[in-house]
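Asker: Below, each chain spelled out in residue letters.
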Amino acid sequence: MIQDACRAVDASPPVSPEEYAKLCEFFYRRTGMMFSEKKRYFVERRLQERIVKTGSSGFRDYFALLRFQASGEELQQLVNLMTVNETYFFREDYQFDALTGSMLPELAKARARGSRIRIWSVPCSTGEEPYSIALHVLETWDLCDDYEIEILASDIDSRVLADAADGTYGERSLQRVPMALRQQYFARLAGDRYRLRSEIRDSVDFSTINVVDPLQMARFRGIDVIFCRNLLIYFDDLARRETVEALYECLAPGGFICLGHSESMNRMSSLFRPRKFGDTIVHQKPAEAE
Amino acid sequence: MVLVRSSRSAAEPPPVAVAEADDLPALLAGLDAPDPAVRRRAVRGLGAHPQAVPELCARLLVEPALSVRTVLFTSLIRLKSPAVVEALVPLLREEDAGLRNEATEALQEMPEEVAPYIESLLRDPDSDVRILAIQVLSALPHSDAPRWLVQVVEDDPHVNVCAAAVDCLAEVGGDEAVAPLLALKRRFADRPFVRFAVDLAVRRIEGR
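Chains A and B, in that order, are what the protein sequence lines are.
Going by my numbering, the first sequence opens with residue 291, and the numbers climb by one from there.
Going by my numbering, the second sequence opens with residue 16, and the numbers climb by one from there.
Only chain B is shown next, with the shape it has when bound in the complex:
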């Protein structure tokens, strides 16, 4: 018979190492273990300890294994707090695109915590940071998101930043966005892609 029944009982106790979940000092020590699997287990365990946020955030910047980094973001999402947002926002300026994207996705998961930072991010002197802030807004379940996007369309001088906001408004915008969008089309009348994006967004918003 080629099919064999498991030799392992499904009810067998879990490995002893998992039992350390409540031992904060052991978990913190695990962050520096040479084996990435041990570091992932430590990071996952620390996801239940709000007091470990500083160590988890610090680890993000030095962790060499992508798998551990991914789990770090998951634990920080679980622990979401103003302190976590404070640590993640600077990552929007990182050279490492993977780190930037993971930070963006993590911030989308903490709408209430990130809300107080949105307006300053949308005024950042770096247009790439403003675009990433709009990406955060694109999937942020927060009722102020349309208002923030309209603000961008009205005030931002950079065409790519405005275009990112237009795309977002096509999905979440209401009637109040229509006039600012049409004004944007006039402001960038020499940019055909803006005209196209605005027309599409207005059609979506008006349900045509």
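Next up, chain A with everything else stripped away, as it sits in the complex:
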């Protein structure tokens, strides 16, 4: 069966460099995702798979379907294929550097010692992101003893939340965690598995959330930093707008939102002010927000 599918993909007409460029440009405009030449094999393979599966006669036929299908279903299919759903500790950690090097110091400056700073990871999947935030704050923010850091973590999938709360991970998730941190914060289990120590597990508050449900989103207010990475690329334009606007309401004035590296806020909303911290751009709700 798999071999048949591979043969079918191999038999589909090749994609010319111009067609590839055209697809990448279109894909970028619609999703904000950019593919470099290095990703060409990855993109072409999936593109040819969709050309075959949709019964299109070739690139031009398929591109017309992508471009003009009113429901946008095929674009969604392609987006799903182009997105790698994997997570691990310290993924895109330059944003964590921006958190402890720039965002937290800026937030701390504006409030009294001992006050609370709230960070929300959504979607949090199996917990690698919120736990990475916890470890990074503990390890790298000098002022962390002076403030109460509250970490919230939410996902629509209750199964991944159970795994997140359990806090047990294998090598794949921990590939970027240095041995010293493993020894300090994890207990080694059988079969090369590691479990986070309870004081870290218990410090993160996990809950289910559907970000497109206004009633559920209304539970979250006064958040100082939101990590919402690699979620909005799955949404259509309207859902993206509505979700970003809902996240705006969740933030405290002056709060920050961090998106995935391939997501572009200026294609979704003009509500936020872009801020560049080191290698990353984050988006800030104006302090004098109206």
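For the record, the hints were derived by calculation from the structure and aren't laboratory data.
Where hints are given, some of them may not hold.
Stated by the list, open to error - So the derived list for chain B, only partly shown, Cβ under 10 Å to chain A, looks like this:
no. : residue
1   : Leu18
2   : Pro69
3   : Asn116
4   : Gln123
5   : Glu127
Since this is a predicted model, take the numbers as computed values, not measurements.
Using N, Cα and C, we set each Cβ at its ideal position, and we do this for glycine too.
For this one, chain A is given, so just place chain B on it according to the hints.
Answerer: Frame of chain A, contents of chain B only:
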């Protein structure tokens, strides 16, 4: 311990104010509330009420807070209809560039509703409005978009309007656009940027 677990239960009920989502008179009254956050909540709630389109459209013209205006456009996209398009099209003539751009982006989100207005927009006496209409077409998922753009290339007297259409055709045009594009290059033979844009568009269309 510097990390503290939330004192708030994630399962706690939402604020009472959200429960007013079905109360149309209350939501309409909320449009005039002094607090922008209350106005945004009202606008978001009205996004589920097609009968509120006139009030939402009217609010666009007087709303002073940019955040509320942004949410107004989102609710109007959700409620997309000929009445919404009728209200948004005049905004393409607005002095306020932000309002014009947001109207353009909103119209791109309603292909079927905006389609009946495209031909008249492309014949508008104001060339800036025609360029904005082409911007609407640039991201409009509608199968007539290439035909409308070819029409512009064939008929429009203004070089900037034609150039905007050429850029668009480079992305969405098919074989039928090639001859009109080459004719345009001859029509504006004294404009090097047109020659350059047409050559690029034709190369893209022919997959060279």
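Asker: Could you run down the list of hints and mark each one as holding or not?
Answerer: Against the structure, the hints:
| no. | hint | verdict |
| --- | --- | --- |
| 1 | Leu18 | 4 Å, holds |
| 2 | Pro69 | 21 Å, violated |
| 3 | Asn116 | 9 Å, holds |
| 4 | Gln123 | 8 Å, holds |
| 5 | Glu127 | 7 Å, holds |
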